[in-house]
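There are 2 protein chains.
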Amino acid sequence: MTKYTEMTREQLIAVQAELQKRYDGYKSMGLKLDMSRGKPSKEQLDLSMDLLGETDYIEDGIDLRNYGILDGIPSCKKLFADLLGVEPKNILIGPNASLSLMFDYIAQCYSHGVLGSAPWSKLPEVKFICPVPGYDRHFTILEYFGIKMINVDMTPDGPDMDAIEELVKDESVKGMFCVPKYSNPQGITYTDEVVRRIAALKPAAEDFRVIWDNAYIIHEIYEEGDELLNIFDVLPEYGNDDMVIEVCSTSKMTFPGAGISALAASDANIADILKRLNAQTISYDKMNQHRHVEFFGDVNGIKEHMKKHAALMKPKFEMVLRHLEGELGGRGIASWIEPRGGYFISLDVMEGCAKRAGELCKEAGVVLTNVGATYPYGVDPKNSNIRIAPSLPPVSELDFAAQILCVSVKLACIEALLK
Amino acid sequence: MTKYTEMTREQLIAVQAELQKRYDGYKSMGLKLDMSRGKPSKEQLDLSMDLLGETDYIEDGIDLRNYGILDGIPSCKKLFADLLGVEPKNILIGPNASLSLMFDYIAQCYSHGVLGSAPWSKLPEVKFICPVPGYDRHFTILEYFGIKMINVDMTPDGPDMDAIEELVKDESVKGMFCVPKYSNPQGITYTDEVVRRIAALKPAAEDFRVIWDNAYIIHEIYEEGDELLNIFDVLPEYGNDDMVIEVCSTSKMTFPGAGISALAASDANIADILKRLNAQTISYDKMNQHRHVEFFGDVNGIKEHMKKHAALMKPKFEMVLRHLEGELGGRGIASWIEPRGGYFISLDVMEGCAKRAGELCKEAGVVLTNVGATYPYGVDPKNSNIRIAPSLPPVSELDFAAQILCVSVKLACIEALLK
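Those sequence lines, one after another, are chains A and B.
Quick note, the first sequence lines up with residues 634 to 1052 if you use the numbering used here.
Quick note, the second sequence lines up with residues 634 to 1052 if you use the numbering used here.
There's no promise every hint is true.
Copies of the same chain are indistinguishable here, so a pair counts whether it falls within one copy or spans any two.
Claimed, not checked - Think about it this way: if two alpha-carbon atoms lie no more than 35 Å apart in a straight line, the pair counts; the simulated DSBU-like pairs of lysine-lysine are: (1) K908 / K665; (2) K711 / K654; (3) K675 / K760; (4) K1052 / K722; (5) K781 / K760.
Hint data in this document are derived by calculation from the structure and do not stem from the laboratory.
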């Protein structure tokens, strides 16, 4: 197979004509396909309807329908402690979205500082490290608080640790957002070495915080999932017990928007957060916490449940990957990683071509995540990264959507090569 | 009846001896009664169990189990718009607690200012007006953000408006918390004139905000409830459309902690809040919103439901009021207001005696709201106000609790008079 990058002008024009015909064919179908957000499919949502069954909402004699219990009901703290590999005392059960846990934590750092440090609002500049490509909603939080984002490239092992170890020497660098397992969007799981190097960081800022967004903690696609080293197991070796705030949620286990979230942190951080929570709420939704405990039973129950999700996700990932391989493989215009879990496939196309490919997709009825959204400030400096979210459309639609994506990428790259 | 304040020393000592006997009798019963927080009783919680019935969680073809819809589902916005007397576009449906809506709004003012004004965190001093006695959790929010609280006395018509009109001439006075209907703890509903004077305020600070916590909007005890003038109807007359942020919740209609909250505000304020929400969450719990809409149907459904609460609350309020009247009436040592709704009875005892009365109650097994909690910084300057929350205990227990409270108040006052 000849790479596009090695074709003559004439060859490219011939390929272009053929692709254009296919593209016009798809376009005429008037499709409306959405691969923009990591939304579970209807079939995935149906998996959790038993969650809503009847129960008495009593635990240890306490009526969970009433006020109180700020940090979460004990059975639910236990469930998440087991899932995250920490003690129940180091768990807080949160609202319906871990995003709020993260936003509220950064808001707290902004207004009150970290364990007695100066509030970030009082500092001339606050910077955060952002592994890229990454999750747009992390960047939105940082942008909201005027925190300067510094891109650090991802490698197949995790973020570029050499770069990070340099950056943390700057005292105004106050933290880093990570999705350590099945990273959004690349699906990379940080290696043990990367986790250790993060745990061993010696930041100049005492109030440096790693936001460990373990959104895909148990979201495997295949029987054998990736193993992520539990960072809380190694932090004490480096005297960094207080450096990490971990969050996760059941948004992609049960119901997005009607699930529960959890936060794991050191004793000191938990106490710090509870001080704020005591002013912010009386309790989160304990009835929903109870329903989740009744539904899952224990961590094994979560594992079994997630296998049902995997069975629905696997054919979708495989469908997209098959098209990527068949249509883009060996053309010298695109690369991607085959993830073993999570919600996304990250596609890197020829530099300068991602936005145009996205436009072409849109014109043919396929909505992708906004190109650029995987980078801070919405700016992909190479205009190269495309995030594919295959979970929502049925497999049959995904078949078309993936083909349209591939044709669009090829057309965009040929356009650029012909310029 | 001779007032305690007009008794001779000998008379007081005789009364004291008799009361002490009664008190010791109660104490020996080893009771454990809680009148500290406005918690609904089990019977009240049982009223809403049908809320958890089965439904399809589809609205206008949208699967409410999935991500999305930041401002609340349309049917729920309509329900609260009707309840609050505003347009649905001026409603946001919030998380499980209106407390979080208020905390998050103040946090937003702190970090980002109000409609483009300077963030409050950047100002040398920010002050808030606090009608007293008031709701301790309002004060906790203000204290958390280092906002200086200024006490303004409540009158039978609402807060002292002469004082407020003076205070708002100070540009550093940025707002005021109000519970305008069945105020916490006195159960006072602001008169139309007070509501109008608030709506007509001309604060020096452009970013002055009234947090209108309509927590007891429809929480009548008797057939005929108090009528509160809708402040949003009159704000435009004074060009103050943006001055008020109203909140309410179903915490005391359905389930505390598992209900939903709503916020009403001008177009400009809604847009301002949505900017923050867009970074803070993907949506609140739409499944719970849907359940509430299905359960209530419309505003009339809420009204009918609240009558069932009233039927449970009325005998409790009457029980406490009967004891107050019988034991404390005409002794010159206490005064109170008979509320027509809400969750509390506010008792003002002889200056300097509230804390001691609270201690005596506690020793006899009756927990009251911490004396002082109804004032900013937990300091009741007159040490006189006691908040009684009669909703939680069964009527039979309340009978004892109210008697113990009355005896404790009398003993505390006699102690003071004998000093």
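Verification of the hints:
1. With identical chains, the CA atoms of K908 and K665 are at most 35 Å apart between copies only, with a shortest distance of 28 Å across copies and 47 Å within one.
2. In the homo-oligomer, the alpha carbons of K711 and K654 never lie at most 35 Å apart, since the shortest distance is 58 Å inside one protomer and 48 Å across protomers.
3. Proximity of K675 to K760 under the C-alpha cut-off of 35 Å is found in neither arrangement, the shortest distances being 39 Å within a copy and 50 Å between copies.
4. Proximity of K1052 to K722 under the C-alpha cut-off of 35 Å is found in neither arrangement, the shortest distances being 61 Å within a copy and 49 Å between copies.
5. Taking the closest pair of Cα atoms, K781 and K760 come within 35 Å of each other both inside a single copy (4 Å) and across two copies (31 Å).
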